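Q: Heads up: the sequence lines are chains A and B, in that order. Sequential numbering of the first sequence, starting at 1, is according to this note's numbering. Sequential numbering of the second sequence, starting at 1, is according to this note's numbering.
Treat the hints with care, as some may be off.
What follows is a set of in silico ranges between Cβ atoms, one per label pair, in the way DEER data are often shown [stated by the list, open to error]:
#, chain 1, residue 1, chain 2, residue 2, range
1, A, Ser66, B, Ala17, 42 to 48 Å
2, A, Asp63, B, Ile110, 49 to 55 Å
3, A, Gln84, B, Pro7, 40 to 46 Å
Some chain B residues close to chain A (C-beta under 8 Å, calculated; not the full set) [claimed, not checked]:
#, residue
4, Cys12
5, Ala13
6, His40
7, Gln42
8, Pro44
9, Asn57
10, Ala60
11, Ser61
12, Gly101
13, Lys102
14, Leu103
15, Phe105
These are calculated hints, taken from the structure and not from any lab test. Just so we're clear, the structure is a prediction, and the values are computed from it rather than from any experiment. Every residue gets a Cβ at the ideal spot worked out from N, C-alpha and C, and that includes glycine.
Here is how the chains run, residue by residue.
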Amino acid sequence: GAGVSQSPSNKVTEKGKDVELRCDPISGHTALYWYRQSLGQGLEFLIYFQGNSAPDKSGLPSDRFSAERTGGSVSTLTIQRTQQEDSAVYLCASAIPPGLGNTIYFGEGSWLTVV
Amino acid sequence: DAKTTQPTSMDCAEGRAANLPCNHSTISGNEYVYWYRQIHSQGPQYIIHGLKNNETNEMASLIITEDRKSSTLILPHATLRDTAVYYCIVRTANAGGTSYGKLTFGQGTILTVHP
């Protein structure tokens, strides 16, 4: 597609369940970022991928959160044993590798509600 | 990445120019100024970015002071659909390092365009 695609767009899950959120970056974009935005809050960086490796995982809030990327394209963010405080919109973004003032493009996000 | 300071909120009349200021007094030579906006419930939308020269595109103009310590985003003819949170972000142009070119979002400016 033309833009960053995320699925599901909305997910309601019970506390304690695991969830997987998917991101399809723009074709050819090797850099991929995950962010989180809780209700009424700013955007919080989670993890950065360059190709299939993740040199910066500094924003992952706990070991319940993990992410992987395969084939230098699709990425999956997994949250294990979800808690109510995990409720947020999870945003994925992609870019060509940093340098020369490239642009990062965001998807529309996956809204996660933990009940 | 350098920090930015923006007013918490601004108002603008429909059809008039909206001028959104941003201070980034600690910006370094290899850092770009980026502007994004976020309309309620949507992913951040790229607007414009620049290094030291003024920039213009179909959405907006970016005026950067000669010392690069501040900038202004100009929406020449604001419409009601421009009501959003506007983020001014300073971002390194370098690959690798510790930031990996990620965007660090502050609280932004809430722009309200009224009839």
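Q: Quick one: which hint numbers does this structure break? Sort them smallest to largest.
A: 2, 3, 4, 5, 6, 9, 10, 11
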